[in-house]
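Going line by line, the protein sequences match chains F and S. In terms of UniProt numbering, the first sequence opens at residue 1 and continues consecutively. In terms of UniProt numbering, the second sequence opens at residue 1 and continues consecutively.
Hints in this document: simulated from the structure, not taken from any laboratory. As the structure is a prediction and not an experimental result, all values here were calculated from the model. Some hints could be false.
Claimed, not checked - Calculated lysine-lysine pairs in the DSS-like style (CA-CA distance at most 25 Å, straight line): (1) S:K6 - F:K106; (2) S:K234 - F:K71; (3) S:K234 - F:K141; (4) S:K7 - F:K141; (5) F:K154 - S:K234; (6) F:K141 - S:K6; (7) F:K52 - F:K128; (8) F:K52 - F:K71; (9) F:K52 - F:K7; (10) F:K52 - S:K234.
To be verified - Simulated restraints on C-beta separations: (11) F:V126 - S:G287: 40 to 50 Å; (12) F:H143 - S:E389: 19 to 29 Å; (13) F:K7 - S:M362: 28 to 38 Å.
For each residue, glycine too, the CB sits at the ideal point set by N, CA and C.
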Amino acid sequence: MGILEVKDVGKRFGGLQALGDVNLSVAENSVHAIIGPNGAGKSTLLNCLVGKLIPDSGSVMFDGQSVLGRKPYEINQMGISRVFQTPEIFGDLTVFENMMIPCFAKRDGAFRLHALENVGRERDLVEKAEQMLIDVNMIDKRHMHTASMSRGDKRRLEMAMCLVQEPRLLLLDEPTAGMARADTNNTIDLLKEIKETRDITMAIIEHDMHVVFSLADRITVLAQGTPLVEDTPDKIKGHPKVREAYLGEAH
Amino acid sequence: MFGLNKKDTTLLIAVAFLALCAPFILNPFPEGSSLAQFNAGYPDLMQRFVIFGIFAIGFNILFGLTGYLSFGHAAFLGVGSYSAVWMFKLLGMNVLPAIALSVVVAGLFALLIGYISLRRSGIYFSILTLAFAQMSFNLAYSVLTPITNGETGLQLTLNDPRILGQSATADGGIPVTNLLPGIEMRDTFTMELGPWLFQFNTGYYLCAVFLLLAFYLSVRIFRSPFGLMLRAVKSNQQRMYYTGLNTRPYTLAAFVISGMYAGLAGGLMASMDPLAGAERMQWTASGEVVLMTILGGAGTLIGPVLGAGFIKYFENIFSKINDSVLHGWFGFMPDGLENALVFVSHFFVGKSWHLTLGLLFMLVVTFLPGGLVEGGQRIGRLFRRKSAEDAKSTDVKPAE
Ligand SMILES: Nc1ncnc2c1ncn2[C@@H]1O[C@H](COP(=O)(O)OP(=O)(O)OP(=O)(O)O)[C@@H](O)[C@H]1O
Ligand SMILES: [Mg+2]
Numbered sequence: 001m002g003i004l005e006v007k008d009v010g011k012r013f014g015g016l017q018a019l020g021d022v023n024l025s026v027a028e029n030s031v032h033a034i035i036g037p038n039g040a041g042k043s044t045l046l047n048c049l050v051g052k053l054i055p056d057s058g059s060v061m062f063d064g065q066s067v068l069g070r071k072p073y074e075i076n077q078m079g080i081s082r083v084f085q086t087p088e089i090f091g092d093l094t095v096f097e098n099m100m101i102p103c104f105a106k107r108d109g110a111f112r113l114h115a116l117e118n119v120g121r122e123r124d125l126v127e128k129a130e131q132m133l134i135d136v137n138m139i140d141k142r143h144m145h146t147a148s149m150s151r152g153d154k155r156r157l158e159m160a161m162c163l164v165q166e167p168r169l170l171l172l173d174e175p176t177a178g179m180a181r182a183d184t185n186n187t188i189d190l191l192k193e194i195k196e197t198r199d200i201t202m203a204i205i206e207h208d209m210h211v212v213f214s215l216a217d218r219i220t221v222l223a224q225g226t227p228l229v230e231d232t233p234d235k236i237k238g239h240p241k242v243r244e245a246y247l248g249e250a251h
Numbered sequence: 001m002f003g004l005n006k007k008d009t010t011l012l013i014a015v016a017f018l019a020l021c022a023p024f025i026l027n028p029f030p031e032g033s034s035l036a037q038f039n040a041g042y043p044d045l046m047q048r049f050v051i052f053g054i055f056a057i058g059f060n061i062l063f064g065l066t067g068y069l070s071f072g073h074a075a076f077l078g079v080g081s082y083s084a085v086w087m088f089k090l091l092g093m094n095v096l097p098a099i100a101l102s103v104v105v106a107g108l109f110a111l112l113i114g115y116i117s118l119r120r121s122g123i124y125f126s127i128l129t130l131a132f133a134q135m136s137f138n139l140a141y142s143v144l145t146p147i148t149n150g151e152t153g154l155q156l157t158l159n160d161p162r163i164l165g166q167s168a169t170a171d172g173g174i175p176v177t178n179l180l181p182g183i184e185m186r187d188t189f190t191m192e193l194g195p196w197l198f199q200f201n202t203g204y205y206l207c208a209v210f211l212l213l214a215f216y217l218s219v220r221i222f223r224s225p226f227g228l229m230l231r232a233v234k235s236n237q238q239r240m241y242y243t244g245l246n247t248r249p250y251t252l253a254a255f256v257i258s259g260m261y262a263g264l265a266g267g268l269m270a271s272m273d274p275l276a277g278a279e280r281m282q283w284t285a286s287g288e289v290v291l292m293t294i295l296g297g298a299g300t301l302i303g304p305v306l307g308a309g310f311i312k313y314f315e316n317i318f319s320k321i322n323d324s325v326l327h328g329w330f331g332f333m334p335d336g337l338e339n340a341l342v343f344v345s346h347f348f349v350g351k352s353w354h355l356t357l358g359l360l361f362m363l364v365v366t367f368l369p370g371g372l373v374e375g376g377q378r379i380g381r382l383f384r385r386k387s388a389e390d391a392k393s394t395d396v397k398p399a400e
């Protein structure tokens with residue numbers, strides 16, 4: 001029994017069957033990659049996991065509890081964080097302020113009116129935020145406004161914002177898209193280190209096969225809304241069906 | 001100091017200084033001179049500057065931080081005024097209980113309206129608040145006449161119980177609002193310095209103290225984790241949800257706080273002049289605070305106060321310039337030119353002061369989206385660059 005169990009999930013958009021009976025089981029403390037061509041339904045699947053979309057059929061269980069019908073913030077409070085395909089960060093705030101929000105969210109969970117404290121006075125949270133910025137190599141940008149940053153930087157910041165929450169399940173939608181080669185390698189190293197030092201499960205969507213094969217314990221290949229195969233990276237590399245349906249098409 | 005950083009402390013001290021010295025600063029022209037009509041240092045207007053400043057500071061906590069544009073905030077101001085007047089009728093003429101009740105009642109009313117309106121965002125939220133405010137206005141104007149006294153407005157009478165005070169003074173008049181027995185809101189100390197005349201009014205200084213408290217509280221909120229959450233709501237609500245934060249309690253708290261600020265403003269208004277009318281809840285009054293905030297600079301600390309002062313100055317000073325004043329100004333010119341100039345100016349002053357304000361508002365929004373504060377910052381930067389260049393050129397000179 002995995003920490004995340006997706007059973008027979010289907011989703012239609014008008015006449016388009018974006019997901020058809022998807023079954024997926026992600027083992028605790030593993031990295032599970034989901035690959036597939038553009039429009040395969042990968043992002044749609046993640047949307048069904050975080051409450052952005054409600055599937056037409058099937059069930060999604062996280063740690064034995066159903067996530068369906070819960071609000072996005074409740075699902076996050078269960079321990080699921082997500083990095084989006086197009087970065088979702090606070091564009092009007094600085095890098096540091098962006099980091100402080102998940103720090104406060106993690107500590108308070110529910111609403112607490114701390115209108116007379118000072119953001120900078122929360123020493124422990126400030127240190128936590130700064131340490132995370134050091135880990136993702138962004139500490140020198142802490143006073144920058146995020147609107148003017150590159151896509152790769154935005155994505156690294158979003159990842160840091162998710163990681164600082166210490167989620168149990170981290171969903172990454174193309175985390176290295178738009179990053180320079182060096183930053184991609186840094187990201188791989190960071191995720192590897194986090195995987196080894198923390199109790200964390202990751203589901204990662206990625207087009208960059210270098211990233212996939214460096215990180216993944218298991219890989220699911222999705223095409224036209226249905227999983228084709230699910231196996232270890234080595235088996236997937238040589239799988240004829242995969243070469244035909246995905247690798248052949250993509251390259 | 002006071003839990004603020006250096007920059008904010010400086011700002012607070014500057015505001016305190018301006019508020020305390022306003023009777024001097026706003027009366028720069030000698031009495032009886034032709035420019036005396038531009039003086040704004042009389043109690044009635046100074047009180048209005050400060051009261052609307054408080055109203056706008058509160059509105060800015062909602063609109064400036066969260067981006068939720070309420071078009072119904074005058075309702076809270078009106079409710080505050082009615083509450084205060086009822087306190088004067090039932091309890092006594094001391095302003096402090098009246099102001100306290102205004103804040104509480106406005107806060108409760110804001111809780112109700114905010115709870116419903118905040119189910120929607122964007123334009124739908126604005127329309128909902130507008131609808132609620134218009135409903136409140138109509139209720140006050142007609143249906144709730146026993147409480148609000150309808151179109152006449154709620155006033156003090158000689159038959160009011162005033163259980164802690166007296167229904168009528170010894171000479172048969174209606175008693176006046178006070179802070180302590182003997183310290184009346186209307187007390188004004190007048191100082192003559194040569195041709196200048198300065199007026200120090202108790203009511204004004206009470207309002208000024210509340211303004212400072214209100215301003216200080218707003219600075220604290222801006223710098224707090226709560227303020228950070230509100231700015232995050234404005235920036236990206238989706239990210240808030242996926243970070244495990246339900247935004248509703250934050251926006252509702254901001255709505256209630258800004259409603260209480262409006263209630264405070266309403267309570268002060270009634271304390272200065274103990275009557276309350278439904279027109280204070282009109283949508284035009286709600287629109288005015290939006291204008292003040294945007295004109296001064298939404299989301300900035302000092303902007304709303306500047307905007308409020310600016311608009312109130314225009315409303316009271318420009319509107320007094322009528323045709324005969326204009327003829328006085330242009331009298332030295334040949335008759336034809338004089339009449340032409342008066343004819344043109346006529347559209348911008350006196351009863352048409354709204355036109356000037358409208359034009360100014362359009363200019364500010366088009367060229368200074370950050371409002372008057374942005375204008376000030378730009379000028380400041382210009383000077384700094386200039387002085388940096390001057391320093392450079394003087395460095396070069398000795399080498400010649
Ligand atoms: N909200 C929506 N409404 C209508 N159609 C949608 C919606 N979201 C996705 N789709 C469609 O569903 C299909 C699957 O989209 P999805 O974004 O899940 O693909 P993907 O595998 O993430 O592709 P990519 O690699 O390009 O990100 C696409 O054809 C897309 O156009
Ligand atoms: Mg996608």
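25 Å limit on alpha-carbon distance, applied to hinted pair K7 (chain S) and K141 (chain F): Given that 25 Å is the threshold and the Cα spacing comes to 23 Å, the pair holds.
Hinted pair K52 (chain F) and K128 (chain F), Cα distance within 25 Å: Violated, at roughly 29 Å.
Outcome of range test on Cβ distance (V126 (chain F), G287 (chain S); 40 to 50 Å): Since the Cβ atoms of V126 (chain F) and G287 (chain S) sit about 41 Å apart, the hinted range of 40 to 50 Å holds.
Restraint check for K52 (chain F) with K71 (chain F), where alpha carbons must lie at most 25 Å apart: holds (8 Å)
Distance restraint evaluation - K7 (chain F), M362 (chain S), Cβ atoms, bounds 28 to 38 Å: Violated, since K7 (chain F) and M362 (chain S) (Cβ atoms, about 59 Å apart) do not stay within the stated range.
25 Å limit on alpha-carbon distance, applied to hinted pair K6 (chain S) and K106 (chain F): Violated - the C-alpha atoms of K106 (chain F) and K6 (chain S) are around 30 Å apart, more than 25 Å.
Holds or violated: K52 (chain F) to K234 (chain S), with C-alpha atoms at most 25 Å apart: Answer holds: K52 (chain F) to K234 (chain S) is near 20 Å, not above 25 Å.
Holds or violated: K234 (chain S) to K141 (chain F), with C-alpha atoms at most 25 Å apart: Roughly 22 Å separates the two Cα atoms, so the pair holds.
Holds or violated: K141 (chain F) to K6 (chain S), with C-alpha atoms at most 25 Å apart: With Cα atoms ~23 Å apart, K141 (chain F) and K6 (chain S) stay inside 25 Å; holds.
Agreement of K154 (chain F) and K234 (chain S) with the hint, judged by alpha carbon distance not exceeding 25 Å: holds (18 Å)
Pair hint K52 (chain F) and K7 (chain F), alpha-carbon separation not exceeding 25 Å: holds (18 Å)
Satisfaction of hint between K71 (chain F) and K234 (chain S), Cα-Cα up to 25 Å: holds (20 Å)
Checked against the numbered hints given earlier, the structure breaks hints 1, 7, 13 and satisfies all the rest.
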